[in-house]
Every structure is written in structure tokens, then in C-alpha cells.
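**Q** Going by full-length UniProt numbering, the first residue of the sequence shown is number 1, and it counts up by one from there.
These are computed hints drawn from the structure, not numbers from a lab.
One or more of the hints may lead you astray.
As the list claims (entries may be wrong) - Simulated restraints, written as ranges between beta carbons of each label pair:
#1 562 - 659: 51 to 59 Å
#2 369 - 230: 52 to 60 Å
#3 345 - 405: 34 to 42 Å
#4 184 - 230: 44 to 52 Å
Just so it is clear, CB atoms sit at the ideal spot from N, CA and C, and this is done for glycine as well.
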Amino acid sequence: DKEQKGKYSVPNLEVKTRSLVLDADQQLLLSCRGRWKLTWAFPSGLMRDQVQVKEFRCGRKNQLYCSHLMVSHSQAQHTGLYHCRYQIRPKKQSTVYVYVTDSQQPFVGHPGMSPDVLYLKEKQPLVIPCRVTNPNITTTLVKFPNQSLRPDQRNIIWNSKQGFTIRTPTFYYIGLFFCQTVTDGVTHKSHKYFVHRPVSNIIDVYLNSSGPVQALKGERLALNCTATGELNTRVNITWDYPGKKYCKGSFKQQLVKHRTHMLFYSILTIPKLQRLDRGLYTCRVTSGEKTKQQKVTVTVYDRPFLRLKPRHGSVMEAQAGQKSYRISLKLKAFPAPEVIWLKDGMVAAEQCSRYHMDGHSLVIRDVAEEDAGKYTVLVRIKEHGLYQNLTLTLVVKVSPQIGEKVVSLQDPGSVPRGSRQTLHCTSHGVPPPHIQWLWHPFLTVAEAFVSGVYRCIASNSAGADQLDIHFYITDVPGGFSINQQEEPREGGDLHLTCVANKYLYTKLSWQRVNHTEDAQSRSPALSVQQLTSGEFSNSLVLLLSNLTARDSGVYRCSGRHVVTRQEAHLDTEVKVTILVPPVLLNNLTDYTVNISSSVTLSCHSEGVPPPTITWYKDEHALSPGSGIVISPEDGTLHIDRITMEDQGLYTCQATNDRGSAESSAYIWVNRASEMSFLEIPTLTCTCVVATLFWLLVTLFIRRLKQSNTSNTKPEYLSIIVDTGEGLIEEQCERLQYDPNQWEFPRERLKLGKPLGRGAFGKVMQASAFGIDNITSCRTVAVKMLKEGATASEHKALMTELKILNHIGHHLNVVNLLGACTKPGGPLMVIVEYCRFGNLSTFLKSKRDNTSGGKEREWRWYDRRLVNICLLKFKLLFYICLSLPFPPDPSSASNSPLFLKDLISFSFQVARGMEFLASRKCIHRDLAARNVLLSDNKVVKICDFGLARDIYKDPDYVRKGDARLPLKWMSPESIFDKVFTTQSDVWSYGILLWEIFSLGASPYPGLHIDEEFCHRLKGGTRMRAPEYSTPEIYSTMLTCWEASPSDRPTFTDLVETLGDLLQAKVQQVSYRLIKLLSVKTPSLLLTFSHTQSATKMRLRLPDFNNLMFALFLLQDEQSDSGMVLPSEELKHITWNKCTKNKKLSRW
């Protein structure tokens, strides 16, 4: 190209030499001409507003472009290289170096507080850029503090335009350097330079803006680039951006040193953005051979704008029950607008906690029917006066739900034969559902004569629901009943008829319930049973012939319910009446009475059946008449207004099926009327004495009942509250229950299978609808009393509810979720449900599925990475490693157990007991059977004291009148009945033994009796379990100290087990490093932790130091080998250093 050659192929700078020397405050004028438009580049110390540039056409016929650069008052910092270049061809340029001499400032730039960093690189010269303002001054290079280096023109070369150049630098040149000169007798020093051999380890580089940057024209732009490096790292931060070629922008750099790392800041500032400043901005950080960079796109708008449109139309549809629904918009605006969502005219986020903003969209979690309505979005950019709004309609479609299904019972029941019945089917949905029966939308059964199943179907566009109504006709009240047709008497026959609806009950049978403690044991009745089938019911008749006293008892009719598949029972009690011949309780005595007086003859008798009383006078039957009253109830004969004709022999005869008895008396009638003065006083005294005797008997019985009631205590509650302020019963009475916080409707609780039964209560699995204030269903556990529970048992369960309320929530305690205490139903306490059951059963199931070696434990190292975090509680700290680990199993039931799992179980129980101790609660029955396993191998302490029959559980041994878990109890609890937090620590030691023996029963092979208790008090302890480590067994022994004050607290146990768990993770990480080093030998992992003011580094243990001695204890005792006598216990010591050793047995 001819244009690129010739006289003006490069701009012509009109200077005579390649350098100019000016005095300070002298005017600098440079002229340049060329073939195309020109531009200038000058030193960074010269600000653009200090430069005047004049451009014009020049030359023959104005074919050339001329440009003058003028600086009115030049300063020392203006010293440097000036470039005149073509705008369209920046590489075509001419240069001149300008010195601005100043005796007060011989060096370019002012000395700063912090030195500039120069990097010493191998096989590269080192340049110390202490440029001068006068080319004729003599300069000396000084290494701190005062070692002068003069140029020798071989290795140390001086250039006034560049500074000192070290051609072959060595480690000697690492340090702090500056340049020094003397002018007019005054010594001047340049800016300081720190020569550093770079540690090229850049940890991270990031910008202050993670996303694209948007700004308006004329605004100020500031981008902060932050680099993080290790200690002693030095970096060089450079920027690439559209305005760099125009020398736009200023830079500010800063270094901040932290205890563990270095932070480097570089801030790029452009005071007024223009359209040409938009584009890609790159921050590039270089340290040695390593380079990292971050980029961000900057968009510059001419003016603010706001555009708003619906994304999916103005009407939207959602389905009730969706996890979430997003109402989004097409919104384009700048600057960032303020967005407010309204629902039906009110701020949405203030109406419901399920509404939240995600960017400019509104997200509705757990969509429900009430979320339907009009949603208005208000968008505004207030500072620029831009406003816009948009209204959208949300329709929430709800699948039909038949209301009767929620309250319908599992047992369909039955309806009386011939009755009029109405079947209801109430459904709700959006859009309104269409309800169908077989043929009609509403069905009325006029007369119930046919059994069957009626189906109601409700449907709409969102789905369908149906309800099957079982309709069973019965001629038996309640569908199941028992009738006794005769009175059971000795020697007679008795027909017991069991009638059950033939569509609801099958397999009818009669049984006699034996009089034993086991109420479930039965023996068949030795009688004739006859089954009769009717139109609606079946009858099973039990015939008892020739009744005797041995036939008395409870007879049970059983049948299996067709729908529920459960066995139904009805009991009837048969009391055979034994015939007894009549016996007169008193004999009649002769009377002498006056005419016109009255007389009463009493004939009291006994007999079975009750005898019939017949009165005779002079051997003739006596009938009631005028003046003669015979009372059939008590056999009393009363004669009023006696005459001479009433004189005679009166006989009382008592008769029943077994015989008769009689007594006679003669009544003499006096003609003269005489009055007896002793009759009234005698009768009065008799009544008073009888009344006083009855009052004394009543008071004695009441006092006896009160004493029995006062002695009844809730002894089957294990967890007690110990506040140290009085009796336990008084403290429990003061505990409060807040129904507003915990009360839960019984109709929203659906009971399932039983989880446990006891002598007093039971625990049921249940489904609670909305117990978490959401629409979903949650599986819970429900504590309740058995039928026929006493008032003291009811009070005990209520006390347990108050205790759970007092304790509060904790991750490792089975927490209270609610309760049903209102009248009209049973008392129920709702707690968390742990689907893997108790820890004891879980550990027993894992005896054949336990990892035994590190090869099996780490065979998944090349599959995927998961984070293992070790919890630091109080004095512990977290160490998070990115470790290879096996895929998570679907549940804890099919995953193997590792040592860290057993230590984790122990650690979690200790944390839960530490929490209970902080709430002044004593458990009294801490064992693996009272620890439940939840998801993610989280254990929770519970107490199902009501749901365990301690009379059948072999772990509870009778001591006196009570049954106690002696294997888990401390000596002071056994002998002195003292229960404290330290006695719980003893039980915790037994629990550790259970965990590390995988659920074995403590003290195997020993008979738990009085001798066992005395040996325990004498110092006999169990040996270490099979899967225990020395550290764990040492912890057990400290828990079994004879003196409670010598045992550790639960806080101490949390810290000890936390350290063991941390050590286990370190061992695991060491194995991982060995595995990874096979594939990547250069890989190096280091861990650091800062505690107080001291920096510590955690080194993985050396395998050569991990072996420890195994004690081979010979069993010379006559009892089980699992028990360690106190004599052997004294000779066993554990070194403290074993905490850092690898456990080779697992």
C-alpha cells in the first residue's frame, strides 16, 4: 500500500532531538503532522485537563492533519515519553522524551507510604524504575538500610529514562531498594521498591459485581478487583477495557495483610461514562507464571427506561397442592426498578408467609385455593419519574374432595332394618365438581332392606374423587349383641345367644375367659354350640346344661369384622345361683296386747332363691284384709285395732325350691287397755345408736379411700423434673400447659398401628393433618392411656405432657408436637415419629452388616464427592473435608455401620442428655431401648414409660414392690433410691456398652439378684465390648465411678466424644490422601485452624505411631467373662496419647 509508505507513513513530530529538557513551570509545545487524524499519548502524571490539544488541516491544499499539544506550566511529574500516533493506525507513531527539571523534585513521582512491588524472575533482568527529571544528575542505588550500589555498566546499568537495570539478578537483590541523589547539598530519595521473589499462588480473584453492570451515560463507574493469595504472595493486577487506548480512567491499588492470607485491591474508576465505554472489562491478576482473571460486561444507556408486559397472558392457572408457582413478567428497565406485588389490593408478602419475591417474580409456595385472585404488580423508578403497573388473574384449580371421607370411620357400621336412610356426598373443588351416584345426583334409601355398596363420584377438570359407602342392613342392635334367655340357677339350663350381622361378622365362636392374670388365655367351653343363619344375621347359641357353681364366669363371643379384619369381642358374665333352703333369721315370740292396739310380727328369712313368706292363723292361711297388712318384701305381718277375734296361734312359713322353714307365736288379747311407757323411749334409742354406727362406718371407708389415693404416684413416669425447690410432685403440679400453643383437633388425627403397649398406656402411629401449619400430612407418634385407666394414671400422662412442654425442643430429644386434652375424647400426647424404631433393635439388626476393614470402607473413593462435616460443640470446631464417600442409601436400615456411626450415636445421646440436664430433668431410665433412630442417622432420646409393660419386660427386675431396670441403675439408686443427673451418667455408660456391643444385653451370663447388687457396689464392672476402643472403654469406666462426684458431666462427655469423632475423621482423611496420591502424586492437602492468637496446623497422624498394646485378660472368675472384677480394674490404665491413635480393630 503506497499510503503506508513515504514521508508521512508515520506522523512527523517537529523536534530536533529525541529528548527535550525543560525547566519547571516552562511551557511545553509539541507539533505533529501526518496523513490522517492524530492523537496524543503522554505520561500518566499529566492529567488530561492540563493538556491543550489543537487540531487543524495543514499542508498544501490542506491535505495533511496537524496537531499541537501544549502544557502551560510543566511540572516534574510530567517527565516521560510523549507519543503522536494515528487514530486509525495506533502502531504508527513518533515519540519524544521530555525532561522537566526541578531541583526540589529530582525523581519522577512523589515517594509513597507503601513501596511498589518488583518481581524477581529467573533469567530476566530486574528494572528498578527510579526515573529522574534531569538527565545530568548522578544517581545511586541503595539497598535498605544503607548499602549503596553504583552502576558498573556490566551488571548494574543506569538509564535516566528507565532507572537501574540489573542484567543478571540474584537472591541478593531481594529486599527494599530506593534511588538517591544530591542536589544543591540536599539528599533526595526516590519512591521505595520492594523486590520480591514471587510465590505464585493466587487463591481467588473476584470483582465487586458478579453480574453484568448497567449504568447511565455520564455516571461514575468504579470496579473493584480483589485478589486473594497466600502469605508472601505478590501479584500484578492489570485491566483491559474499551477506554484503555484513550487512557481513560484512574487506578487505585491497595494491599491488606491478614493472618493467613493477603488481599490485593485494584479499583478502576471512570468519572463520566460515555457510549464508547461499554463493552468487556477484564481484571487480570498475574503472580509468576500463574494468571487468573475475571470479566464483566458494562452496558451504558443514554436514558432510563421502563417496559412491562405479561409473560403468559393476563389469566394464569395453577393446581392446588403444587410445591410452588411463579408469577413472572417481561420486565425491561434501567435503573433497577422497585417492584411491589399486591394481592386483591394488599401487599402480598404481608398477607401470607408463603409469598416471597424472587427477582421481579412472585413465588407462591404450597399453592392453596385461597391463593386465587387478582395480582397487581407496581413497578417504578422513582428518581426518574417512571411508573407502570399490570394486573393478572390467578385461577387455582382444586381437585374434588369429598368431605365425608375425612370424617368417615373405618368401621362402616350398620343400619336398622326397614329404617329410612339418607346418603350424603358433599364435595368441594374448583371448578365446581359434578357429583354422580349410580343414576341420580342425590340418593335416598326409602326403606333399608338390601345391603350393598353405594359409590359417589365427584369430578372436574382438575381431577376426581370417589367415596364408597358400605350399606349393611341389620336386625340386631349395633350389629353385634349377646342375650341371656334364662336366669342361671343351679341344676338348670342356660341358653347364651350371640347374634351378629352376617355381612359384617364371620367366624362366630364362644369361649370362656379363665380367671388368670393372663386375660388373653382362653379355654373352650364344654357345651353345645349351635349356629343358625337368618336373613340379616347369624346366631350362635351356647347351651349350658345342669348348671353348677363351676359354670360361673365370663363368656366371650368372638367374631372377625369383614371390613377392618379385626376380631371383635363381646363379654357376658354368668353368675350361677346356688340354691339354699330357707332359714329364719329370728323366731316369733308370744305377745300379750290390749284391745284396739296394734302389733307387728316380723319374719325375716334367707335362702336362694329368696323364700316366699306365707302367714297362718290357727293353721289357716291368712290373707290381707281390713286391719291386716302383709308385706311381701320383708314378710312382715301388721295387725291394727286388735279385737278378741285376733287372738290365736300365728305361724310364719318361708318356702323355696329347696324346702321350707316356719316359726309360730301366740297372741293373747287383754280386755283392758293398758299403755306401755317404755315402748317409745326404747325405739328412739335404737334409731339413734343405728344412725351413729352408720356414720362411723361411712367416715372410716372415706378415710381409707383417701389414704389409698394419696399413696398413688406416677411411678411409671421415668423423666422427672428436679429444680431443687421442693418435692417432685409439687414441682410437677406447678408446670403449665398452654392449650393455645399445643392443642390439636382430634378429628385431624388418624390413628394407625400400635408402636408399643404397656401396663398403663400405649403408643400408636398416627397421621396428623396440618400439624406443621401446612396442608401436608405428617406421620407422628401418639401416647395415650388404655381403656379403663384410673384418675392417677390420667394425671401421670398429663404430668408427662407438662414435662415435655417444660423441656422444650432439641434435635436429639423426641419433641412434643401437640396434644388432645379437651373433653369428649381420650387424652393424647403427640410427639415426633422415628421410623427406624429404638436403637437397641436397630443395632441388633446390624450385627451381620458391619464394616470390618478400611478397604471396604473406602472402595467408593473414585465415584463422587460429598461433604463430611464434624460438629464442633462448645470447645470443638468444624473441619469440613471434601471426601470420597459411598452413595447415600435410601434409608439407614440397609446401610452398613462404621465406627464413626457408633461414636456419632454416643455423641448425639450425650448432647441430648446435656440438654435435659440443663433443663433440670432427670431421665432415670436411659437405655438403648429408650433411644429412637430417625432419618439421616439422627438419634432422639425418648421415654415411652406408659407404653411398656414392665411386668413382662425382662430388663425390669422386681425389687420389693417395684420393678426396676437394675442393670442400668447406679449403686446409689439401687440402695438409697437417689436419682440425680450423675446417676443418669452411670446409665449412659451402660448405654455406651450397648452401642459398642451392637445391642447386647448388659452383664451377660449374670443372674440379677441381691448378690449382683452387692458385687456392683464392691467395684465389679463389665469388660470392654467387642467393638469398643480403649478411649471408649475408658469413658465407660469414668461413668461407672462409685462416687457420683467423680463421674464426668454430660458436658464433659460431649467434649470427649466430639474429640474422638474428630480423630476418626482425620484417620479417614489420611486414607483418602494415600488413595489420591496414587493417582496424583503432586496433590498435597493441608488443614489449618486458628485458636486464640496461636496458629496451629493439624497434621495427619503417622501410621508408625498408631499401634497400641492389647490387654489379654484371663478370665479366672466363675461368672461371665464379660464382667471385669475390681481387682483387675485397678491394674488397667489408659495413656492419654491414645486419643490420637488409629483404631486398628475397625
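**Q** Could you check the hint for me, namely that residue 562 and residue 659 are 51 to 59 Å apart, CB to CB?
**A** holds (53 Å)
**Q** 44 to 52 Å was suggested as the range; check whether the CB atoms of residue 184 and residue 230 agree with it.
**A** holds (46 Å)
**Q** Look at the Cβ atoms of residue 345 and residue 405 and judge whether their distance stays inside 34 to 42 Å.
**A** Cβ of residue 345 to Cβ of residue 405: about 36 Å, so the range 34 to 42 Å holds.
**Q** If I claimed the Cβ atoms of residue 369 and residue 230 lie 52 to 60 Å apart, would that claim hold in this structure?
**A** Taking Cβ atoms as reference, residue 369 and residue 230 lie about 58 Å apart, which means the hint holds.
In summary, the structure agrees with every hint in the numbered list given earlier.
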